[in-house]
Amino acid sequence: MWWGRSAGGRWTGDNARVIVDCAIYQNGCRTEGPEDLSDALDAARASGDAFLWIGMYEPTEQEFEHVSREFGLHKLAVEDALTAHQRPKLEVYDDSLFVVLKPVMYDEAADTVTTGELMLFIGDSFVVTVRHGEGAALAAVRRRLEHEPEVLRHGPTAVLYAVSDAVVDHYIEVAAELQADLEELEAEVFSPNPSDSKNTAARIYGFKRQVLEFRRATNPLLQPMERLAFGEVPFVHEHAQPFFRDVADHLTRASEYIDGLDRLLSDALAAHLAQMGVRQNDDVRKISAWAAMAAVPTMVAGIYGMNFEHMPELRQVWGYPVVVAVMVGICLGLHRMFKRRGWL
Amino acid sequence: MWWGRSAGGRWTGDNARVIVDCAIYQNGCRTEGPEDLSDALDAARASGDAFLWIGMYEPTEQEFEHVSREFGLHKLAVEDALTAHQRPKLEVYDDSLFVVLKPVMYDEAADTVTTGELMLFIGDSFVVTVRHGEGAALAAVRRRLEHEPEVLRHGPTAVLYAVSDAVVDHYIEVAAELQADLEELEAEVFSPNPSDSKNTAARIYGFKRQVLEFRRATNPLLQPMERLAFGEVPFVHEHAQPFFRDVADHLTRASEYIDGLDRLLSDALAAHLAQMGVRQNDDVRKISAWAAMAAVPTMVAGIYGMNFEHMPELRQVWGYPVVVAVMVGICLGLHRMFKRRGWL
Amino acid sequence: MWWGRSAGGRWTGDNARVIVDCAIYQNGCRTEGPEDLSDALDAARASGDAFLWIGMYEPTEQEFEHVSREFGLHKLAVEDALTAHQRPKLEVYDDSLFVVLKPVMYDEAADTVTTGELMLFIGDSFVVTVRHGEGAALAAVRRRLEHEPEVLRHGPTAVLYAVSDAVVDHYIEVAAELQADLEELEAEVFSPNPSDSKNTAARIYGFKRQVLEFRRATNPLLQPMERLAFGEVPFVHEHAQPFFRDVADHLTRASEYIDGLDRLLSDALAAHLAQMGVRQNDDVRKISAWAAMAAVPTMVAGIYGMNFEHMPELRQVWGYPVVVAVMVGICLGLHRMFKRRGWL
Amino acid sequence: MWWGRSAGGRWTGDNARVIVDCAIYQNGCRTEGPEDLSDALDAARASGDAFLWIGMYEPTEQEFEHVSREFGLHKLAVEDALTAHQRPKLEVYDDSLFVVLKPVMYDEAADTVTTGELMLFIGDSFVVTVRHGEGAALAAVRRRLEHEPEVLRHGPTAVLYAVSDAVVDHYIEVAAELQADLEELEAEVFSPNPSDSKNTAARIYGFKRQVLEFRRATNPLLQPMERLAFGEVPFVHEHAQPFFRDVADHLTRASEYIDGLDRLLSDALAAHLAQMGVRQNDDVRKISAWAAMAAVPTMVAGIYGMNFEHMPELRQVWGYPVVVAVMVGICLGLHRMFKRRGWL
Amino acid sequence: MWWGRSAGGRWTGDNARVIVDCAIYQNGCRTEGPEDLSDALDAARASGDAFLWIGMYEPTEQEFEHVSREFGLHKLAVEDALTAHQRPKLEVYDDSLFVVLKPVMYDEAADTVTTGELMLFIGDSFVVTVRHGEGAALAAVRRRLEHEPEVLRHGPTAVLYAVSDAVVDHYIEVAAELQADLEELEAEVFSPNPSDSKNTAARIYGFKRQVLEFRRATNPLLQPMERLAFGEVPFVHEHAQPFFRDVADHLTRASEYIDGLDRLLSDALAAHLAQMGVRQNDDVRKISAWAAMAAVPTMVAGIYGMNFEHMPELRQVWGYPVVVAVMVGICLGLHRMFKRRGWL
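Protein chains in written order, with the numbering used here: chain X, 1 to 344; chain B, 1 to 344; chain Z, 1 to 344; chain W, 1 to 344; chain A, 1 to 344.
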């Protein structure tokens, strides 16, 4: 057997690192097949209901050349498949369908979202999947499919559905993680402890960037999914339309979720600004109240510090204690008044 | 009779908790029917103008399996019906129509909005309703319909209309509750008493979240309602279009209402920010006025506290009273001036 | 004659309060007709070019029942006509056209906008107008039409045109009133007198609510008017399209006006916020300048209030006057400097 | 010759003030024609390739009556042509095309934008232009056209093109003037001199109003221009489509320009707010630094102003100079520290 | 050979400065051809698969006249090609296609974006390229194409594709540069050092202007690219559609990128405002803490500076040191408290 991770076939010598998995599926079951790629493809075509599925990881131009020639992939699609940083899209060529998906990953530790890339070439009897970056558990999708022969029986369409379903379902999970992060952030914004909010603006802004990154993965995919769900796309079974409709529906949900997060973040930033204003008002009032309580004794003391010869109070034995008592009394009175007015 | 809440029929053993109500309706009237589900469905189909309506509450996969097999429900719809957190939608399958509605509930005490889920499978002669969460008074709708045989006579379409009409009408009621809440909030924003506005930003933000939650229930429903109102949807009588148009119209009203609330909340947050600024300006002015009234006697007292040998005033008998009178005079003058300028 | 305000005909007994006016129009002229409603309608239908126009004010269900049965009005439209708080809309039924308009009124004293409701049922040879709330001068429209037989000759279409034209023209008048209010508000926002702006935020917010209320009346009407202007609507003459196009055009103008007001109000709120900032900066600077002018003499006096034995200045005859002169000099210098820098 | 400004023909007696210019054009050249309006129109029609062009200025209903009757203008278009404050639009009637344009004028001195109105009636062999307000140099367009017979040869279409081209080109010029104004405003917003920004918010707001006014002239014209550029419009040569496409393109450019100005103004207002914050922070820091430099000597002087009998320093000869030196030293140290931290 | 930069042919005398390069391409290869423009064009047309490519730089009307006459270019397109400041567009005329592109350039030193103009006339067997401003490396595109005869073989379409591909690819590069600039700006906004943020608002605003300028180049190009990618455009091979689809896809990516930058800049401005608020709160607290520490000794000193005869403490030897110790103790206590509360 020439395919598979550990195989040492003729042309896989250089590609061992690059070809992650490769198999022929007939009637939904993984089968043996000829060692050569062309022969395998011919065999798959001949049998009518079989197809070849090659999974690759960040191939170079040289490494991809043999595959693209064998399957007659379009030059532009091949270029896109080799370079990362594509938009999600669906492109129909004469011999194949080219789909770009952008799976997202959530880094728990750093609360950041990163995006990878997943390209699929769908032909009459082949699927080529190319992965860039981490976070797209294609192997898991393949394993799951190999345990569901009744699904895999539908050929390349089933692979496209299973992969896009897995990617979109992960969107919803990541969106839920972000929702949890937002709730933490809200607690920070409305925290009564001012030292919590030193970097709140920076955190909200950083969150906005994550959401924008997420959006770049999900929103451009809406239109391709609608085409798969409602339009006529070659190499895709018409019967699969309700399934793609389901994926499109989940995608719309993820997208609406993300839009909601974005709006709430803008509102949170505005609320943070308002909270800053409220806090400053509170601080200014509190500071002023204490200042008033210090200013009154200072003023009174200043008056009795005047050097007039004829100030009868200065001569009295009770002068000093009475003045001090008056100072304390005024301060207590002010304290009580400010307390009642909520300044302290 | 095998259906109904208290029935102990053959297959309802496990389902008693789950099947809330179940009946055959013929000519708009609840009738007796065979005990077995298949037989009941066959009977309903045979009679031509009868239909079977089963109402379920949060069924598990096992519990729903029998029903979905019997009515030939689509696998994807069944999956959606079993898991909550769906978007409102209308999906057409070969054998049935699948509608998801999201009723909203308003918690008076906490001023919060929560959403439930209501799924309907509409076939040629059956309706299956599945409810998740609280707040969807399906039983009330059924009771009302059973008293209006002339409506119920129109079959599954009538059930779909009655349910969606009830859900949408409740939207408008909840929107009115939120309107009342907004008015309270406005009073808080523009209250002259500053201690009222400590948490105003948090309240406005929380309100925004409620509105977003509400929006997620109403806005995605607009398009399915339009399809029912204008398009051709199988298993739905064409004559019902004006009725669904009416529902769509009420839904649009609720949706516009919610959008208006959302805009007003943004404006309220901006107005709150401006009010904070006005209040701070007022406070700073008031504090400064009092500070000025304390600073002047302090300064004057400081001058007469200087130890120069040749300060003729200090020798005068009238020196002290005159200086104190001047201090009081300046303070009164300042007080009057600040009062006139609106600083106090 | 059985119709008219003061008539005491057979079925108007209960309806006297409710039926504001009622007449048959033939060839554009008000004519006599049979006393009974059915007979009157039959007569109008028989004559071919005549129609019956009944005007009602807030009828109850019982009061409207006879009319709706006689003219074969659709149940849903009747429900809408009996309850206020509808959206503007145009609904086509088999036997009649149902139009909801929301006239707006402007209360000069309170600077508020309120909306009423105006429903029209248009049939082949009848018009039923139902009014809720104040502010829709239907009687004026009818009087004007009765003086323009060449218009009224076009039948129910002419009534629909005249009523919607009057409602939309009033929108433009109210928008102009609001424009004038906005100009007052602008003067307040940019007033140099700070005490003017205590409630500016509240007034802008309140204005926004008026605009939102207005918008709810105008915007949903755009689409029905377009249908009358461009589409095929039963019971409406095709020749009337340019006239409805004119109304639609005026409506668009009112709607753009309102949108412009809304944007300007948002800008005014932002400008108010900025003005608050400018004013606070000014106040802080002014207060600080005066504080500096008080702080310097206090500091100098403090120095000469120290009790050192060896302070030669204290012994000098000129000591006191020189120090006071220096204090006054510094204060004058500071005053001049602050004046020049615009702090005072 | 009965037409023209100075003509004293039969029916121009009253209209001399109103009819600015009037001529028959044949083969692109101004020609003589019969004195009576009907005869002139008949002559133009008879010759096949000739047309009559009447230019009017703010006609009253009476003044316009003769023209509208003669050319069979639609009643609604005539009403619109007589009242100013219309939206730009294109209306097709049986006998003529009615176009409303809103030329804008820029007042250099006041930096304000005002709009006029220009109505065109285009028929098979006539053009009636009606101008309201200043700023539409129709005479200049007519003169230019009279020097380009090869353009004028295309009849009424050429006039419509030339007029709309002139109006739209002027939009771009005015937009460039506003751009220059914006640059002045930006300099004001970011000026380091605070006294420059007292009225910045008011100026930005005023600018926003100008932009809104401009927008009301340009944006509603986009759709009519698209119809002329792509659709079938009666009385307009199909060959003229690329020319109207060019005008539509310029109009889109003006409109995008205006939208860009509007966005930048919002950003400028936000930046102004942020600048206010920066400035206030700077001021508060500067004021506090000076206050600290006054507070320290006051505090020290207060200590040595205490009346304790046993304060050995007070007895020393060097006591006073050392304390004053310490005061000065602390002040200089503070000054240096604040300078280094950017507070001064 | 009459064309080329150094050629001194018959009509290139005046045009040497203006015609940057000019050649006939046959079968993808640069060939010799007749010296005269008409003859060259005739030769290209005769050979069927050849085409003539003239590249010009800011031609004047006179300079362009010969070319436009020879190739039958449309008058309006010629006018647009001669004046800069056009919108990107695609215009179809009878004899040729006219495309305007706006390449952007990024000035590393000034962090500014400037736009140039690039016009292409595409005919059956000719391409005329006109460049305004710097920054469009047309020569590089031509050189690259001359090394790819298999692409150039597709004629004028290949030139249009190569040029628009180069322009759009450069958009993405410039967008990446702006992204790097944004990251610098973010560091400035959230810098803990306040002196960094004096001009942050001005820098964000300036950045917004760059983005707006960029947007004016990219967004209007989306629609023309879609037409090339999906529609039927004369003089463009249908087979080239996937290639233009690729360009349109890259353009959409650039456009989404720019939109993302714009949103982030608005958020950065809001975050800057919030940071200003946080910083002011911090400053006010810090200043107040120090003021409190100065006010307490001043008040205490004032009390013992009073001139009462009966103040027993004044007589004690330990009076002075104890009071000073108390002052220091209170100050240290306050310092500690403020430190713990995060005010210092």
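I should point out that these hints are in silico values taken from the structure, not numbers from a laboratory.
Each residue gets a CB set at the ideal place from its N, CA and C atoms; glycine is no exception.
One should not assume that every hint holds.
Claimed, not checked - Okay, the calculated beta carbon distance ranges per label pair:
hint: 1; chain 1: W; residue 1: 222; chain 2: X; residue 2: 147; range: 25 to 31 Å
hint: 2; chain 1: Z; residue 1: 46; chain 2: W; residue 2: 227; range: 40 to 46 Å
hint: 3; chain 1: X; residue 1: 124; chain 2: A; residue 2: 259; range: 34 to 40 Å
hint: 4; chain 1: Z; residue 1: 108; chain 2: B; residue 2: 331; range: 34 to 40 Å
hint: 5; chain 1: W; residue 1: 72; chain 2: B; residue 2: 180; range: 42 to 48 Å
hint: 6; chain 1: B; residue 1: 336; chain 2: Z; residue 2: 336; range: 24 to 30 Å
Stated by the list, open to error - Covered stretches of chain X, as calculated for chain B (at least 3 residues, CB under 8 Å):
hint: 7; stretch: 103-116
hint: 8; stretch: 250-263
hint: 9; stretch: 284-298
hint: 10; stretch: 303-310
Here's how the hints hold up against the structure:
no. : hint                        : result
1   : W/222 <-> X/147: 25 to 31 Å : 58 Å, violated
2   : Z/46 <-> W/227: 40 to 46 Å  : 45 Å, holds
3   : X/124 <-> A/259: 34 to 40 Å : 38 Å, holds
4   : Z/108 <-> B/331: 34 to 40 Å : 47 Å, violated
5   : W/72 <-> B/180: 42 to 48 Å  : 58 Å, violated
6   : B/336 <-> Z/336: 24 to 30 Å : 27 Å, holds
7   : 103-116                     : violated (count 0)
8   : 250-263                     : holds (count 5)
9   : 284-298                     : holds (count 8)
10  : 303-310                     : holds (count 7)
Of the hints listed earlier, those the structure fails to meet are numbers 1, 4, 5 and 7, in rising order.
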